[in-house]
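Assembly of the complex is requested from the two constituent chains, each provided in isolation within its own frame, with the hints serving as guidance.
The listed protein sequences correspond, in order, to chains F and D.
According to my numbering, the first sequence holds residues 1 to 149 in order.
According to my numbering, the second sequence holds residues 1001 to 1230 in order.
Simulated from the structure, these hints should not be mistaken for lab results.
Take every hint as true, because none was put in to throw you off.
Using C-beta positions, here's what the derived DEER-type ranges look like: (1) D:Val-1031 - F:Gln-52: 22 to 30 Å; (2) F:Ala-97 - D:Ile-1105: 41 to 49 Å; (3) F:Leu-10 - D:Gln-1155: 48 to 56 Å; (4) F:Asp-81 - D:Thr-1042: 37 to 45 Å; (5) F:Lys-50 - D:Ile-1177: 38 to 46 Å; (6) D:Gln-1155 - F:Ala-104: 30 to 38 Å; (7) D:Leu-1221 - F:Leu-77: 35 to 43 Å; (8) F:Ala-9 - D:Trp-1039: 56 to 64 Å.
C-beta atoms are modelled at their ideal positions from N, C-alpha and C, and glycine is treated no differently.
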Amino acid sequence: MIRSTMIFALLFSFASASWADERTQKTIEARQGLLKVVAQYFGPIVGMAKGQIPFDAALIEKNAGKVAELAPMITDLFAQDTSASDYATEAKADIWADYEDFSAKAATTTERANALVAATAEGRGATMKAFGALGSSCKSCHDSYREKK
Amino acid sequence: MQSDQRPQLIWDLPLRLWHWALVVCLAGSWVTAEAGFDWTTTHFYFGYSALALVLFRLAWGMLGTFHSRYTSFLASPKTVIAYLRRKNPSEPARGHNPIGGWSSIIVVVLVGLQASSGLFISDDIFYAGPYNSVVNTSTADWLAGWHHRLFTLIQFTVLLHILAVSWYTWGKKEGLIQAMFHGRKMLPRGSTEEAVSEDRGLRALLLLIIAAALVATLVYLAPVPEYEFY
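Chain D with its partners taken away, still in its complex shape (with noise of 0.2 Å):
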């Protein structure tokens, strides 16, 4: 590490507490389809948050700080196949590069695919999404179809990113992994003009409740099914 350079902010904390809490519903929405029968209603909770934490990325990519805004990371695809392309190991990005940029808002999309198909699916004995009534069984059959097939995908999305960021803080030394816990990095003393000088925390907390609420809603308002032979 050079002397010219000094930590900065680029991360702000809401943006790293969503990452953190993306994970813990990733891996817990994995470990409770697996554990069976008495864990499909926490299997729910977490498919809830994580589609309150995608509304909530939504909404942030609008209103957050710089580098978690999408005019700071949706490069266009120049830029992208420029830094695909390009030869010479280049100053290290601020926020996202423009591959990270874009498969930042894959992963997003994908989570609220993933989340909003489960709500219409059962597991055809005993539990039921929310809105599995709405639809009709063959509809519901081929969303379970890719509930199934899109949670590989994330499992590979995520693979991915693990190894890039890996590579990113052990290979180019960049510190990538630290600065989802801290929030900075190391740049050139001059450019602070890049540099996020707030969390803006409690926009967030008001963006995050409106999120969860919004989830709640839908979940509530759900019509419920009607039985027959009752």
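Only chain F is shown next, with the shape it has when bound in the complex (with noise of 0.2 Å):
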């Protein structure tokens, strides 16, 4: 009896542990595919700023609108500290250090996001303005939370 309860014990511990790594190594692959989501309707809009491809309002709007649907999942992903697994992953710990900072960031993300749709309708200048500052607040969040390569 004792023994099997034993058996049992290592045996749920050992699942238990494999687990919950699933779940971290889950966890982070959604994190980095939410972000490369955002990137590929972020990145179109690069392409205008930097005249590789023609300025289209409607694209900006389109996309625009889409980055502030999926900035709010950042805080939903990233709520589960990770930080002590081994997985390999560009998050750093800090970010659950000072979720409350992380957290506005992301939520400034989402503001500028919906910024940048209204300002489609004010022409290419306000357009772009708008586009440089949802791009500083992507990149204060980088430069804070994510590791350095």
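What follows is the structure, encoded as structure tokens:
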């Protein structure tokens, strides 16, 4: 009886450890996927800012709208503290040391993505200015919370 | 200073201008890298300029005046070891001493690698070097890591260089720093064979134009990245 309890306990602890591991890995993969999708919507606007593709206010309105929908998912997916895991991640432990600041920065990104949607009605100058503001909000988070390469 | 010595031209004008232009590029790229977002485009231009300067220097090592040439300043390992081991203060070197010669080529190579690595990397948000889209993300990230580490190495090398020339200038009174401004060093009256008699300014200008044109072509020929969701 004791032996079988011990075996069960041992197996259970292995299993739960690997469940937790799997969950961590999934979370990290989901975050990376989310930010890649953000980058894909963001990319064409970068190309327009650089003059590599023609300016298209309607497309910027659409893509910035998508970014505004995606940005709130950042705090959903980073809520779990994965700083103790061994999975390769560029997310710094500082995120969870000051999650309030991290959340505030993510909220700024959402706000500025919405501001960019609104700015597309005001012509190219205003649009690009709003786009610069959105980019710098991305950067402020990367600077503080992303591992330097 | 002894009376049987007189100032003689060692560093041709293009080499001196090149040296100070490189100082401007390194300082400028450092400041603009730290200054953030709005300065990234300027940072790129400092990098392109540094790359053109590197190409120029590589050519000037063959086509410049005597002390600018590899054959005069790249000493054999034997000479370098002998220089390091010498006990008595030897006569000041005319151009680069055996250590200085190798250091100068190391700086040129480091700056070349630094500027070239910058062509492939991005800040993941807005700015990307012209060749960022031809490499995959992990390669770009790897190069970005080196772009940061190499700069630390360059800072260290520059610090060492400043300490060394300061020692030769104020400790050994060889006037090394002054020589990088006016080009002249005090040499014994008889040793005219190593003095430089011309600046070869026109040749230098042509080489610089070619180097700049090469870099500009490289940048303009870069493929436009393909944007998804467009």
